[in-house]
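2 protein chains.
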Amino acid sequence: MNNNHYCVIMAGGVGSRFWPISRHDRPKQFLDVLGTGKSFLRTTFERFANIIPVENVFVATNTAYRDMVLAEIPELKPENVLCEPLGRNTAPCIAYAAMRIRSINPDAVMVATPSDHLILNEIHFCEVIQQCLDFVSDKQESLLTIGLQPTRPATGYGYIQVNKHVAEGKFNKAKTFTEKPNRELANIFVSSGEYFWNSGIFVWRVDTILRAFEEHQPETYQLLDSISEHYGTPTEQEAIDRIYPECRGISVDYGIMERSSNVWVRCSDLGWSDIGTWGSLYQYASKDDNGNTYSADTFTFDTENCVIKTPEGKVAVIEGLKDYIVVDTPDVLMVCPKSAEQNIKRYIETVKFAKGDKHV
Amino acid sequence: MNNNHYCVIMAGGVGSRFWPISRHDRPKQFLDVLGTGKSFLRTTFERFANIIPVENVFVATNTAYRDMVLAEIPELKPENVLCEPLGRNTAPCIAYAAMRIRSINPDAVMVATPSDHLILNEIHFCEVIQQCLDFVSDKQESLLTIGLQPTRPATGYGYIQVNKHVAEGKFNKAKTFTEKPNRELANIFVSSGEYFWNSGIFVWRVDTILRAFEEHQPETYQLLDSISEHYGTPTEQEAIDRIYPECRGISVDYGIMERSSNVWVRCSDLGWSDIGTWGSLYQYASKDDNGNTYSADTFTFDTENCVIKTPEGKVAVIEGLKDYIVVDTPDVLMVCPKSAEQNIKRYIETVKFAKGDKHV
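Quick mapping for you: the protein sequence lines, in order, are chains A and B. When we follow the working numbering, the leftmost residue of the first sequence carries the number 1, and every step to the right adds one. When we follow the working numbering, the leftmost residue of the second sequence carries the number 1, and every step to the right adds one.
Hints listed in this document are in silico derivations from the structure and should not be mistaken for laboratory results. One or more of the hints may lead you astray.
As the list claims (entries may be wrong) - For lysine to aspartate or glutamate, the following DMTMM-like pairs were computed, each having C-alpha atoms within a straight-line distance of at most 25 Å:
| # | chain 1 | residue 1 | chain 2 | residue 2 |
| --- | --- | --- | --- | --- |
| 1 | A | Lys345 | B | Asp357 |
| 2 | B | Lys77 | B | Glu238 |
| 3 | A | Lys287 | B | Asp274 |
| 4 | A | Lys314 | B | Glu219 |
| 5 | B | Lys170 | B | Asp269 |
| 6 | B | Lys352 | A | Asp302 |
Claimed, not checked - Just the calculated beta-carbon pair ranges, DEER-fashion:
| # | chain 1 | residue 1 | chain 2 | residue 2 | range |
| --- | --- | --- | --- | --- | --- |
| 7 | A | Asp269 | B | Gly156 | 54 to 62 Å |
| 8 | B | Asn182 | A | Ala296 | 57 to 65 Å |
| 9 | A | His24 | B | Lys38 | 36 to 44 Å |
| 10 | B | Lys358 | A | Met1 | 27 to 35 Å |
| 11 | A | Asp302 | B | Asp331 | 20 to 28 Å |
To be verified - If you want a taste of the chain B side facing chain A, the calculated C-beta under 8 Å gives, among others:
| # | residue |
| --- | --- |
| 12 | Thr176 |
| 13 | Phe301 |
| 14 | Lys314 |
| 15 | Val315 |
Heads up, the beta-carbon is just placed ideally off N, CA and C, and yes, glycines get one too.
Isolated chain A (complex conformation) (with noise of 0.2 Å):
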C-alpha cells in the first residue's frame, strides 16, 4: 500500500429516510440496514483497509457520533476522526479533510467517500480505486469522480454527462452535470449513453482539491485555510469548532465538481446502490418466492413484496398487504406503501410536532 494514499469516509448524515430504524442518534451508516451483520460504516472501511493504509483513513461526522465512529472502528486512530461541530453538507467537510491531510503529507492523494453505499462487486472496486489514485498521481490536476452505469431512470441520483462514451473501464471527461432529473429527463439521459449516476466518491491530490476549493468556495478555503496552525495539534477542534459554522453549506458537486472544467470520470460496473431509501433496500434484499423481505420470525399470509422489519424476537403476522413497507421499532411502528415512501419525512414531521424529539 502508497503512503501517499488516503481515505476520507463522510459519516456525518441523519439518514432520515430510514425512519423508523435511523434516529438523529444512529443514523443510517451506523446500522446494518442490510442485515450482513455489519453496519454501512463498518464495511465501508473494511473495503478501504485493502487499499489504504490504517493510519491514513480519516472519518468525518458530527461530534455527537464520535464515539459510535471509534466504536464501529477501534482501529481507528481517534485523532483521524474529524468532528464537524454542525452539518454543513459534502463541501466544508472535504476542505478540512484535504487541509488536514496536506498538513500531514502534501503530496498526498485522497479517496473522499460516502459511509453508507452498497458495493457488492468489492474486489472490481478496489481496482477501480487503485486505477483511479494511480491516474490522479499521473493527471495531478484531474478531479475525478466514479461514474456509474445506469440501471433504470432513477430521479433520485445525480447524472454526469461525459464528453464522449466510451467503453467501461475507462476514463472520460465529464461534460455536464445534473441533480436529481424528472423522470423523463432520466429516461433520456439512460438512453442516450453518455450520461453516468454520480457515485459521491471522489478521487484527487489534496493540492489540486484545495486550489479547487481556493477558486470556487474562496470563503470556506480561507476560513479553513485560516487556521492551519491548529491542524494536528490539540487545538484543532477548538479552531474547527470556532470557524466551521461560517463556512457555507453546499455540496461538493455543486460547489467544486459542476464549476471546474478538469473534471473526469471513471465509469464503472460496481454492483453500486446508495440504499437511500426502503425501496432500494428492498431491491438488493433477499426475498421470498412472494418477494417479501422481512425478519425472522415473520408470518405471511397473502402478502407480496413487501419489506417488513421488525426487532429481534418480535413476531409478526402480515396479511393482504402488497408492495408495502411494515417497519417496527420499539417505540415506532409505520405502515406505508413503498409508493408513499417519500412521504416518510412527513411522517418525521408530523411526529415531531406532536411528540418532540423522542421517536425521530
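Fit chain B to the given chain A structure using the hints.
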C-alpha cells in the same frame, strides 16, 4: 336487593379471536379492549353489583385465572371464585355453580352470564334482569334466556325462534334454536321478525336448572351431585378437580336449552354485543372522520376504516390502509384485512407451530 338472588359470571374462556392482545395467560375478559379503563370482567361485575348482593356473586373461571379474577374484583369473597381445572364449555360450569348455590340456598334464583360482553343500555339491563328474576320466581318451572332483537344477519350468533312474536319487553315461549346459521338463513331469520339473538345470559331457579340437568345431562348431574357433601368446604376444590374432567364438554344451549320444553325468551334491546372479534370492536369503538379507531400517538394518512391498537407510549404512522386491523404488542405485530379476521386462529396455530406457546 333480594338475598335469594345470585349471579354466576362465567370467565373461563381464552378469547383467541382478540389475539395478539388476548393471550392464554391474559384472555379477553381481563382486558380493557374498548379502552374504557375497565376490563370486561370488572364491568360485568359492577353491572350486576347494582342488583345482586355482592356476597351472592360468583365467578367461574379456570384455576389458572383465579388470582387475576380476585385482582380485578377485590370485593369478591375468595370462596366465590369457582375454579374449573379445565374448560368443559358452559353446561358443566353452570351445573357446578348451581349445585354450589343450592348448597347455600335451595330457594335461590340465579343469573348466569358471560363475562366479556358489551351492554350499552345499562339501566335498562338492570330493569330487564329484575323482571327476569321476578318472572322465574313466579313461573318457577321456566328456563329463561335473554334474547336480543337482531340488528343484522350475523352468522356468528345463536338464534332463538319464539312461538309467537310479541312486543319487545315481553316474555315469549321459545320454539327453536339455531346455532350460527349461514348468511341466507340469517337473512330469513332477521326478516321474519320471529328470531332473536341468544345473549348467553340465563335466569332460572337453581332447582329448575338442576332438574333440567338431571333429565338432559344425567352423567354430569350425577358426577357433580356425587360430591355434594364437599360444596362450601375446604375439600370442594379437590373433589371438583377429580370429577370435572369426566364431565361432558357441551354448551348449556345445546345440552339443556334446545332439549327443554319450558324455555322462555325475554326479548330486549340492551345495546348488546359480544365483542367477539376485532370487527365487532370496530363497530362499537369511537372513530375519527375517516372511520379509523386507534390508540393514542397514532398518525394516519390516506387510511380509512381501520382498527389500530398499539401499546401505550408507542408511536404508529400508518399510510394507505383501508379496512385493516393493525395490532401491535411488545412481542407480536399483526396486520390483516378486517375481512380476514377469521384467520386469526390460523395465525395463532402458525406462530405456535414455529415458536411454541410463548406468543399465544
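Does the alpha-carbon distance linking Lys314/A and Glu219/B stay inside the 25 Å limit?
violated (46 Å)
Chain A contact restraint on Lys314/B - CB to CB distance below 8 Å:
Interface hint status for Lys314/B: holds (6 Å vs cutoff 8 Å).
Against chain A, is Thr176/B within 8 Å by beta-carbon distance?
violated (37 Å)
Hint validation: Phe301/B versus chain A, beta carbon distance must be below 8 Å. Holds or violated?
Check passed: Cβ of Phe301/B comes within 7 Å of chain A, closer than 8 Å.
Using 8 Å as the Cβ threshold, decide whether Val315/B counts as touching chain A.
holds (5 Å)
Confirm or reject the claim that His24/A and Lys38/B have a C-beta distance inside 36 to 44 Å.
Holds, at about 39 Å.
Outcome for the supplied range 57 to 65 Å, where the beta carbon pair is Asn182/B and Ala296/A
Distance hint for Asn182/B, Ala296/A is violated at roughly 41 Å.
Just to be careful, I want the Cα atoms of Lys77/B and Glu238/B compared with a cutoff of 25 Å; is the pair within it?
Given that 25 Å is the threshold and the Cα spacing comes to 19 Å, the pair holds.
Falls inside 27 to 35 Å, the C-beta gap from Lys358/B to Met1/A?
Given a distance of about 51 Å, which is not inside 27 to 35 Å, the answer is violated.
Hinted pair Lys170/B and Asp269/B, Cα distance within 25 Å
Roughly 11 Å separates the two Cα atoms, so the pair holds.
Could you tell me whether the CB distance from Asp269/A to Gly156/B stays inside 54 to 62 Å?
holds (59 Å)
Between Lys287/A and Asp274/B, is the straight-line Cα distance small enough, at 25 Å or below?
Violated. Lys287/A to Asp274/B sits at ~41 Å, over the 25 Å cutoff.
The structure fails to meet hints 1, 3, 4, 8, 10, 12 from the earlier list, while all remaining hints are met.
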